[in-house]
Structure formats: C-alpha cells, structure tokens
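Quick note, the sequences are listed as chains A and B, same order.
Per the working numbering, the first sequence runs over residues 31 to 499.
Per the working numbering, the second sequence runs over residues -13 to 319.
I should point out that these hints are in silico values taken from the structure, not numbers from a laboratory.
Everything numeric in this text was worked out from a predicted model, so none of it was measured.
Please note: incorrect hints may appear among the correct ones.
As the list claims (entries may be wrong) - Short derived list, chain A residues pointing at chain B, Cβ under 7 Å: (1) Met129; (2) Met461; (3) Met464.
As the list claims (entries may be wrong) - FRET-style restraints, in silico, Cβ to Cβ: (4) Ile(-7)/B / Asn193/A: 20 to 26 Å; (5) Ile145/B / Pro436/A: 39 to 45 Å; (6) Ile145/B / Ser50/A: 52 to 58 Å.
Said to hold, decoys possible - Far from chain A, by Cβ distances over 10 Å, these chain B residues were calculated: (7) Pro37; (8) Phe86; (9) Leu146; (10) Phe199; (11) Ser282.
Where is the CB? At the ideal position from N, CA and C, for every residue including glycine.
Below are the chains, spelled out letter by letter.
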Amino acid sequence: MFESFTAETLARMQFAFTVSFHIIFPAFSIGLASYLAVLNGLWLRTRDDIYLTLFNYWKKIFAVAFGMGVVSGIVMSYQFGTNWSVFADKTGPILGPLMAYEVLSAFFLEAGFLGIMLFGRERVGDKLHMFATAMVAFGTLMSATWILSVNSWMQTPAGYGVNELGQFVPEDWWQIVFNPSFPYRLVHMVLAAYLTTALVVGGVGGLHLLRNRANAPARRMFSMAMWMLVVVAPLQIAVGDFHGINTLEHQPAKVMAMEGHYDSHPDGAPLILFGIPNPKEKRIDYAIEISKLSSLILKHDLNAPLNGLDTIPDDEEPPVAIVFWSFRVMVGLGFAMLGLGAWSLLRRVRGRLYEDKWLHRAAIGMGPMGFVAVLAGWITTEVGRQPFTVYGLLRTSDSLAPVAAPAVAASLLAFIVVYFFVFGAGTFYLMRMMNSFAGHADPALKDGPIRTAGITPVAQTHPDAIPGE
Amino acid sequence: MFELSFIWAGIIAFAVLTYVILDGFDLGVGILFPLAEGEREKATMMNSIAPIWDGNETWLVLGGGGLFAVFPLAYAVIMPALYMPIILMLLALIFRGVAFEYRWRTERWKPVWDVAFFGGSLVAAFMQGIALGALVQGIEVADRAYAGGWWDWLSVFSILTGFAVVVGYALLGATWIILKTEGALQRQMQRYAWWLGAGTLGFIGVVSILTPFQNPEYFTRWFNLPGSVLSVAMPVAVAAAARALFTGLNAGKDGQPFLAALTLFVLCFIGIGISFYPNIVPPSLTIAEAAAPDESLWFALVGTLVLVPMILAYTAYAYWVFRGKIDPAEGYH
C-alpha cells in the first residue's frame, strides 16, 4: 500500500496523522475542564441544581474524551524517538526539559486529581472536590503552556547555541521558553480550545432546544455557550491578527504562502480572498483579490511593500497550496463563529434566544467546526514551517531516525486501523451521550436524589439506561 | 561534571521503577480480568484501579519524556532499536486505556472492550518485557545512532523476559486485588497468587542465570569482588521476600502479599541496575556520554526537586481517598 513512499514521507505522514488525531482531544478537554470548573463553582455558590445536572452530564463526556487524549498523547511522547531520533538527539537538550516540565507540572496534576473529580465528591466533600476540579482545569492549561512553548521554539528558535556535536544547547532559558511566537500562539490556542468547547456545548444545547425548548439545563448551556462565542470569537480574530503580524516578522515565507503571494508587491499587496494556487507556474489562478488590503492588515499601511515567495530560495519554500487553503478554512470558520455569536446576541436582545429554531440548527451545524478550525490552523502553522523542523536551522530531511521504510509503513498502517477503530467507537459513544440529554439528565435523578449522580454507574442501577440499545 | 548526570540516572531509574510497580499492578489486573467469574467481579476488579490507572501511566510518560530531556542520545538510540515493541506497547495501551470508559457506555459491545482491556494489558506487559530483554542484551550504536536491524530485539532471551514480566505483573495484580477485595474474589486471587508467585520466582531464577551470559561485562560484574558479594546477597533477599509472600498468602493477610510482590520487583530492578552501571544503553553507551549539557540538567533538576515531592504527596493522597476494600455496590460512574 505504501511501497512507493520513502521512509521520510511515511514518517511525516505518521506524525501528521497521530498528532492531528491527538490535538482534537486536548482542544476539547482544555475548554471542557475550565467549563466544568465554572459549572461546579456556580453550583456551589448558587446551589441551583441545573448547574449540578450540567456538571454531571459534561463530566462523563469529559472522562471519555480525556481518556482518548491521554492514550493518544502517550504515543506522541515516544514518536519523537521512534521516527525522529536525530531531531530528538539534536533538540533534546532544549525541548526535552520543557516537555519534562509539562509532564511534571501538568500531566501528573491532571491524572492525580482526575480520579477525585470524577469519583470522589462524596469521599472528600464539596470543597476538596472543587479544588480537584480546579486542579484538573489548571493542569490542562499548564500542559498547553509547555507544549506550545516547545512548538513555538521550533517555529521561532531563541536563546540557544550549537555545540561541537551539532546539538542545540540552552544559553538562556527565559528566551527559550518565552520565544518570540510563544505568547501569541499560546493565547491563540487556548482561545481556540475555549471556542471549540463553546461550539460543542452550544450545538448540544441547540439540539435539545429543538426537541424541547422548555428544557431548562439545555437553555442554560445554550445561553452560556452563546455568551462565550460573543466574547471570545472577536477576541480570537484580533489575537489571530497579532499572531499573523508576529509570523510575518519571524517566518515571512509562511505568511507569503498563507496569502498566496508568489510575487513581491513593492507598493501595497492585494488580499487574495480566493483562487487556485498553481505551484508550477508560481501564481494564483482565478484570484479574487482586494488591492492593497493585505498590506493594510499585515503592515497597517495601504502602500507598505510586501515581499513574495520570489525572494525565497525554492528549496526553502513551504508547500503553498496546503497552507493557502488551510488558512482560508480557519479564517472562514472564525468569521462564521463571530456571525453565530452576533446572531445569538440579536436574538437574546429580543428575548428570542430559545425560540429561533434556525439559530439552534446553525449552532448544531457549527458544533464540530471548532475542531475543523483547530486542525486547519495547525496545518497552516506546521506545514508553513516546512521544509524545516527547527525553522531555518534543522531540515525535516535531516531529522529522521535511521528506520527502514517498511517498519514505518507497517506502524503507520497499524496506527490508522487502530485509531479509526478505537477513536471512531469513542466518538460514537460521545455523540450518543450528547444526543441522550433530555433535561431530566441522569435517569438516577428521577428516583429522587438519594445518592448524587456521578457515583453510581448508570449501567449498574439502570441496566437499561444506555440509550439506543 | 559527571555527578549531575548520575543524579539524573538515579531519578530516571526511580521514575521507571515507580512506573513498573504502579502500572505493573494495574496491567496485572487487566491480565487477570478474563478469569473473573461474573460481571460483578469484573466491575470490582476494574473499579479497584479506575481512579488511579491514569496517574500510574503518567510515570511512563515521565520515563520517556525524562529520557528525552536529560539523556537525549539514549532516547534517540533506544526508540529506533526497540521500534516494534514500543509501537505495539503504545497501541496496546490505547486499547486498554479507552476500555475503562467504553465498557460502561455500551451493552452490546461490552465483550469487545473487555477483550481490549485484557489483550491490551497482556500485550503491553509482554512488550515491556521484550524491551527489557533487548536492552539487557545490548543495542548496537555507531556514530550517535542505532546501527542494528529492525528485528534485533527479537531473541529467545527477550521472549523469555517478556513472559517473565507478564507473570510478574499478574502476581502484582492478584496481590493488589487481595488487598482491595474480600470474599470469593479474594480467595480466588489468593490461589492464583500462589502459582503466579512460584512462576515469578522461577522466571527470576532463569533470567538471573542467563543474564551474565548476555554480556561479558555483566559476568565480571557479578562474579568478581565486590559484585560477588551481591551475587550472594541478592538471592538471600529474594528468598526473604518470597517467604513473606507465601506466608502472607497462607495466613490470608490482606497487605503482606502485595508488599512482598513489590519488594520482589524492587530487588529485580536493583539487580538490573547493577548490571547496567555505568552504561545507560548496554553495551557501550555510558550515562555520562548520553547526558544532555549541564544547563539542561540543572534546569530540569530544579523543577524535578520541587515538583516530584508534590506529585508523590498528592498521588499518595489520591490513593488514600480511595483506600479500603472496594464496595461492589459503589461503582464507577
């Protein structure tokens, strides 16, 4: 099946495949962990049962998604060595300690308190349970911080030297951790995770409002999700703009590919809205463009000159078509999120937030779009870094492990089969759980709150409670 | 300044040992899972590890991540050398990890996830044993890279260590369930633990006798002073732990068999450590050679010294919260 590919291509396909699958789960669990902490906090403060119902409902979904994130993440921590051992040897002295900090300050925190958050409310009491819930949320944010520092260093390396063995060695840890693109990337990604979660929660809320607009927990979650969009979507667009300007400064070739600027524009570059990249002729076919707008966005000046890919040697050029498209998908979805938030605000002002069925349908349609936008964004930044693993310093082709193509092909095939099977099943269970929420939430609660939901397995008390079977 | 890299070798060894004994018992529970006689027993076994398995597995990430951080060359050599066992272990861990949640989400497919839980645990344990055996045999290094073929890890010796780890983990799992349950399930596990204990001791004996022949350096280490003192002391210590295991089992003690099984693992680990020293990847890559520059070691050490005691404290707290016998009625979700 993969006979015609080199080991390098296969290893790149494998990394792209496993990391793309992996990022879906943290993108969701970072936002959901914070949402759970907010829900639990609101319940403790107001003692409004709707918050507890929502907490217990999303908690179960979190447990499944988090489990998938953990197991797909373990793969990542070993893949640097199995397929990219030269990269590991060369960058280990810098990136290794950052990842060790991620494990020590984030993974253990999440894992240590997750059990208490999921199963321990009755054993430790409300206060410690709240603390555990907050620690899980804090852990997910710490994890994002460290891993984005790692990724950002690969994009905009700083604070390093090179020793006689060809390894990158640390000279200034502050500069390494807070490298030039890190603050922008961190904020952009955390907001993306919050938007992704808000869209999922909004989609689930919309689904259940369509079925029953009096469903109180569904109203509450839909309202919370739409507020989140109203606040975060415009913020994210602004942060994205700053991130782009930062990229222009440090990785101009990536921005040229994103913009589709094959040619330099000495007096104001156009913004290409759409078009078909033609890598052979080095131009954008059928381009629809607005003159000088790109210079305005990137330089905040209509007539500012912008260089194009004609200033970049061919062997340092990223694959333009992929970056060009993925960037447009991300931006388009960002504006769609903004639109959904604005729409919900208009309806809220008129007091028709829970009545507008088309709004609810739109929220369902947008439900998975956060994941698509996150993937598109990561494809833009990672493919845009090519042909380097450490931008400008270490080529991807010089990073590969001495592994044989058949070994990489076999493991790639195994990953594809296993991931689609395991995570396909998990996604199915998640969607079924999201579909089954009906306001009376947990069937156990129908009998009165004898024991708080969350401790007794539904499957044990109500063997027939699994929906759809 | 070689002391720093040796401190780090000690820390990595500690992380790996912690992983082996913690995930060892929960993988062992997975290996014994199909022997449970009914749904109630299955649920009890899984619930006994549900709140803690994730924390246990994080030590594996620390082992990998820590190696990448402080011994990048060792990481860069071991991973390609053990390519297949590592990938298979990771895939197996995926199956067993998701089973904890999935099996409660479906009736129709519950048997599928039960098999995934058992098979994943078994394969992960077996691959860890194979990886250990291959490492003991030695890894060919040339020019800062793995220089062997991609089947080098497979040998009679590595398959033997694979089985040894499976049986040893099953012993840890059985003694853990003895600690956490009562009644019929506990008695069943007491019977298994007896046989698994005998099997583990048998494997320890065979592997210990074969190990010195894998590498002439091991042979000199163990059969010359001061190593030969240990060659006498280690079997005595193992015998004492074995005695504690069997007397504990015969007397129906709750905790003693588990502690004795843990002691066996610690002793074996020390034995392997003595064989390896001062190499990190036998036969030729030393701890000092593989270490990252001192700036990296210092930076990581500060965080480790602050954070690891905290991790141990809240991990211990989590174990304490879920202490005592599992109440089959008090379930998982």
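Outcome of the hint check:
Checking Met129/A against chain B by beta carbon gives a least distance of about 5 Å; that is within 7 Å, so the hint holds. The interface hint given for Met461/A is violated, since its Cβ lies 11 Å from the closest Cβ of chain B, which is over the 7 Å cut-off. Because the closest C-beta pair between Met464/A and chain B is about 12 Å apart, greater than 7 Å, the hint is violated. As the Cβ distance of Ile(-7)/B to Asn193/A is approximately 21 Å, the hint placing it in 20 to 26 Å holds.
Look at Ile145/B against Pro436/A: about 22 Å separates their beta carbons, and that is not inside 39 to 45 Å. Checked against the hint of 52 to 58 Å, the C-beta distance between Ile145/B and Ser50/A comes to roughly 35 Å, which is inconsistent with it. Its closest Cβ contact with chain A, about 3 Å, brings Pro37/B to no more than 10 Å, contrary to its assignment away from the interface. The Cβ of Phe86/B does not lie farther than 10 Å from every Cβ of chain A; its closest approach is about 6 Å, which violates its non-interface assignment.
Residue-level check passed: Leu146/B sits 24 Å from the nearest beta carbon of chain A, beyond 10 Å. Separation of Phe199/B from chain A is adequate, the least Cβ-Cβ distance of about 29 Å exceeding the 10 Å criterion. Against the 10 Å criterion, Ser282/B falls within the reach of chain A, whose nearest CB is about 4 Å from its own CB.
Checked against the numbered hints given earlier, this structure breaks hints 2, 3, 5, 6, 7, 8, 11; the rest are met.
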